[in-house]
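Chemist: Each chain is listed here by its residues.
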Amino acid sequence: MYRTKTIDFSKVKCYVKSVDITGIERSNDDYIRKHVGHEIFNSGNFEDVLEKSQEIRARLLKLGCFKTVDIVIDADNSEKSSKSYKVLVEVEEQNPVGGNIHTSIGNNEGSLSSAVYLPNIFGKGERLVAEYTYGTSNHVDYRVSYTNPINQDPDKHFNASAFRTSNDFSWSKYKQTDSGFNIDILTPFEFMLRNKYHVKGTHLFTYEAIWRNLISYMDSAFEIREQSGHSLKSSIKYTNLIDRRDHTALPTAGGFLKTTIELAGLGGDVKFFRYNSDYQYTKTFFNYLTTQFSLSEGLILPLKKSDPISVIDKNFLGGPLSLRGFKNRGAGPHSDDCSLGSDVYCLAGAHLYTPLPFLHKNKKLNWLKTHSFANIGYILSNNQIKQMINEQNVHIMINNTRLSVGTGIVIGFGNIARLELNYVWPLWKLNGDKIQNGMQFGVGINFN
Amino acid sequence: MANLTESYNESFLPLIQKYYSLEAIAREPWDQNAILFIPTNQQILMENGGAETFATVIYLSVLNLNFEIKRVKNVNEMSPSGRGPLLKCGKYSIGEYESIVNFSNLKVFFLISSQCQQKFFKGNRLLGNFLESSKKNEIKTYLLLIQKSYSDTFNYFLWKSDFAQNAIKKSFDCDYPWPLNVILYWNEYLFERKYLQLNNLWDLKRDRIISRFREVNECLNKKLSGNSYLMGKNLTEVDILLYSFMKVLTITPLFAELKASLGDLTNLNFYFNEMDQKMENILQNKLDLS
Numbered sequence: 002m003y004r005t006k007t008i009d010f011s012k013v014k015c016y017v018k019s020v021d022i023t024g025i026e027r028s029n030d031d032y033i034r035k036h037v038g039h040e041i042f043n044s045g046n047f048e049d050v051l052e053k054s055q056e057i058r059a060r061l062l063k064l065g066c067f068k069t070v071d072i073v074i075d076a077d078n079s080e081k082s083s084k085s086y087k088v089l090v091e092v093e094e095q096n097p098v099g100g101n102i103h104t105s106i107g108n109n110e111g112s113l114s115s116a117v118y119l120p121n122i123f124g125k126g127e128r129l130v131a132e133y134t135y136g137t138s139n140h141v142d143y144r145v146s147y148t149n150p151i152n153q154d155p156d157k158h159f160n161a162s163a164f165r166t167s168n169d170f171s172w173s174k175y176k177q178t179d180s181g182f183n184i185d186i187l188t189p190f191e192f193m194l195r196n197k198y199h200v201k202g203t204h205l206f207t208y209e210a211i212w213r214n215l216i217s218y219m220d221s222a223f224e225i226r227e228q229s230g231h232s233l234k235s236s237i238k239y240t241n242l243i244d245r246r247d248h249t250a251l252p253t254a255g256g257f258l259k260t261t262i263e264l265a266g267l268g269g270d271v272k273f274f275r276y277n278s279d280y281q282y283t284k285t286f287f288n289y290l291t292t293q294f295s296l297s298e299g300l301i302l303p304l305k306k307s308d309p310i311s312v313i314d315k316n317f318l319g320g321p322l323s324l325r326g327f328k329n330r331g332a333g334p335h336s337d338d339c340s341l342g343s344d345v346y347c348l349a350g351a352h353l354y355t356p357l358p359f360l361h362k363n364k365k366l367n368w369l370k371t372h373s374f375a376n377i378g379y380i381l382s383n384n385q386i387k388q389m390i391n392e393q394n395v396h397i398m399i400n401n402t403r404l405s406v407g408t409g410i411v412i413g414f415g416n417i418a419r420l421e422l423n424y425v426w427p428l429w430k431l432n433g434d435k436i437q438n439g440m441q442f443g444v445g446i447n448f449n
Numbered sequence: 002m003a004n005l006t007e008s009y010n011e012s013f014l015p016l017i018q019k020y021y022s023l024e025a026i027a028r029e030p031w032d033q034n035a036i037l038f039i040p041t042n043q044q045i046l047m048e049n050g051g052a053e054t055f056a057t058v059i060y061l062s063v064l065n066l067n068f069e070i071k072r073v074k075n076v077n078e079m080s081p082s083g084r085g086p087l088l089k090c091g092k093y094s095i096g097e098y099e100s101i102v103n104f105s106n107l108k109v110f111f112l113i114s115s116q117c118q119q120k121f122f123k124g125n126r127l128l129g130n131f132l133e134s135s136k137k138n139e140i141k142t143y144l145l146l147i148q149k150s151y152s153d154t155f156n157y158f159l160w161k162s163d164f165a166q167n168a169i170k171k172s173f174d175c176d177y178p179w180p181l182n183v184i185l186y187w188n189e190y191l192f193e194r195k196y197l198q199l200n201n202l203w204d205l206k207r208d209r210i211i212s213r214f215r216e217v218n219e220c221l222n223k224k225l226s227g228n229s230y231l232m233g234k235n236l237t238e239v240d241i242l243l244y245s246f247m248k249v250l251t252i253t254p255l256f257a258e259l260k261a262s263l264g265d266l267t268n269l270n271f272y273f274n275e276m277d278q279k280m281e282n283i284l285q286n287k288l289d290l291s
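For the protein sequence lines, the chains are A and B, in the order given. Letter by letter, the first sequence follows residues 2 to 449 of this note's numbering. Letter by letter, the second sequence follows residues 2 to 291 of this note's numbering.
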């Protein structure tokens, strides 16, 4: 017979005498010391030591400098006291040069990327990456990025990238090639809302300078053809992101708010002010019924009335993951089968997700759900908005509103992307819209 | 293909006929709001000094077709063939002189075919349309010869002259912001240099280029012997193109050496003077070319 006994580590008094780190070759000592910290030395019992050791391991892995981080807690034989312990941290650093190949999913496109990276170049978590991506829709991307933690904090970083990207926009019949660079600064923030909700998010400040070349197809509409050629955009952008969803692709609870403001015209010949926001809120009732409400809106204004907005910068509406029941960029002004885009849009969605019938108790099928939805939205030009305000005539907005309803299934891929197969009925549509009546398939990251 | 009685110079057709039928193009009337997009004043030096622009304006004016002229900085990018000028007529966008000529002929010929219009167009029709096939092929050959020889010679002088390079850089400065103006200038320079190298022209000496240019013009001079025009008695599109290139020689100081090399070609000079008397007004009125 074996006797069992439970040991309560919180009652085991001990203290940490030293923390030894082995396996460091290129990493800077001060950088590692900062992330190991001193909290572990304040431990009063063994449970504290275990928790703080785990925290040290998580912080060191987050730096991106190490392949593995192993922690051994051992008695410190140099001390006479039996309560003295030492913590051994064994790390294996990343190779000086690494590489990877991976596939990824974008909105209705997939791509294959290969990258070569140099991690921890100067010993403080810096990273240099050269990446090549080839995707569907003739998407090709060459990119070189340098990332540097700010104040040695891996949650805050400075990033500089140079890139060359080309994309085909067949629904507007043009191809676009972008070459340029951008500089990002990412910082986290957190605060208590009404002393009840802990809100965490990120601020992202971006400067980008892009040389854009629009090449129209042979049969493009003239409205697209006359915008062919070269332009230079120099802009600053601010993005605020708060994501409290429990799952990115198939959330069951939580909210999501993303707001972007962009000002272009600091140099270059592209001048506009742009605002976009996306909001989602999800709540589950009775353990099985998940309801979701989403709202997206955006507007773009030229800084001077005489400077027209290019089709590259316009807003578009329609697609299997946004305004369902319409083809990609299918809602809005068209000319000769080309989607021209407009200035102001708003899109709302209401969704209901349920587990598959008779399988609601099977937790392993959480990634597959039935999906019922209604999407409503409008897209207008700045002139139409002005007319609506001046004449106080809401009918302009109502007459340009599209509505679709439908049902189907949705599959979540990991915590990243989702696949939808829906049967859609576009109920309100305008002449000239490109509708997708019936079955519609969509895959992507961003959804509404 | 449409069942038309005459065969056409179909250089523009591969670009269009995939999407539109020939007969549909011919039956549609000329759009009274047609627009001809041409390069800006600053850019025109790079575009063979504006020769194709002049030729297109003259040709459409001689055919009495209504059109408006707009100067844009991206005419080459707008053109389906990658080169200007660009004619927008109804739903069609046609680029380059030869394609615009063939497109215009298609519409005009259809109108002339209906007898009630013959009287109206009498005196305005260009006989290029009404010559037999062998003559039409000859027109095509001369168009290509004049285009290639004049264009290559002009490009040599433009891209190897410091003075011209400064003017070209200024044209990019006017149309594009820094540093895009620098990038696009160097893009263009490297492209043109590569083109001239591939055609074994870049490394030739100036004298050799001038003598090659003169050889071509001697052929044209000989062709004009005893004839008012290159194809005989009547004006065709090839005469308008040749006149336009020679006009550029006259008005552009950079090409003074080239103009001087043609001084003793009496037929050619007489031909140019005669054409200038007829066409100069069109250029002055439409393009404000003094």
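Hints listed in this document are in silico derivations from the structure and should not be mistaken for laboratory results. Don't take every hint at face value.
[Stated by the list, open to error] Computed beta-carbon distance windows for the label pairs:
hint : chain 1 : residue 1 : chain 2 : residue 2 : range
1    : B       : 235       : A       : 305       : 44 to 54 Å
2    : A       : 184       : B       : 289       : 23 to 33 Å
3    : B       : 188       : A       : 114       : 20 to 30 Å
4    : B       : 289       : A       : 440       : 27 to 37 Å
5    : A       : 224       : B       : 223       : 26 to 36 Å
6    : B       : 251       : A       : 307       : 53 to 63 Å
7    : A       : 131       : B       : 142       : 43 to 53 Å
8    : B       : 191       : A       : 133       : 45 to 55 Å
[Said to hold, decoys possible] Derived, one-sided and incomplete: chain A residues facing chain B with beta-carbon distance under 10 Å:
hint : residue
9    : 23
10   : 214
11   : 223
12   : 227
13   : 233
Virtual Cβ for every residue (Gly too), placed ideally from N, Cα, C.
Chemist: Now tell me, hint by hint, if it's right for this structure.
Modeler: Right, here's what the structure says about each hint:
Between residue 235 (chain B) and residue 305 (chain A) the beta carbon distance is about 52 Å. The supplied range of 44 to 54 Å therefore holds. Taking 23 to 33 Å as the suggested C-beta distance range, the pair residue 184 (chain A) and residue 289 (chain B) does not conform, at roughly 47 Å. For residue 188 (chain B) paired with residue 114 (chain A), a C-beta distance near 28 Å keeps the hint of 20 to 30 Å intact. Checked against the hint of 27 to 37 Å, the pair residue 289 (chain B) and residue 440 (chain A) fails, with Cβ atoms roughly 60 Å apart.
At about 49 Å, the CB distance of residue 224 (chain A) to residue 223 (chain B) disagrees with the hint of 26 to 36 Å. Restraint check, residue 251 (chain B) to residue 307 (chain A): a C-beta distance of roughly 37 Å breaks the suggested window 53 to 63 Å. With their beta carbons about 51 Å apart, residue 131 (chain A) and residue 142 (chain B) fall inside the hinted range of 43 to 53 Å. The hinted range of 45 to 55 Å is not satisfied by residue 191 (chain B) and residue 133 (chain A), whose Cβ atoms lie roughly 24 Å apart.
Taking 10 Å as the C-beta contact cut-off toward chain B, the hint placing residue 23 (chain A) at the interface is violated, the least distance being around 50 Å. Interface restraint check for residue 214 (chain A): the shortest CB-CB distance to chain B comes to about 8 Å, inside 10 Å, so the restraint holds. The criterion of a C-beta within 10 Å of any C-beta in chain B is met by residue 223 (chain A), whose closest approach is roughly 6 Å, and the hint holds. Using the Cβ-Cβ criterion of 10 Å, the hint placing residue 227 (chain A) at the interface with chain B is satisfied: the shortest such distance is roughly 6 Å.
For residue 233 (chain A), the interface hint holds, the least distance from its beta-carbon to any beta-carbon of chain B being 4 Å, beneath 10 Å.
In this structure, the earlier hints numbered 2, 4, 5, 6, 8, 9 are contradicted, and the remaining ones agree with it.
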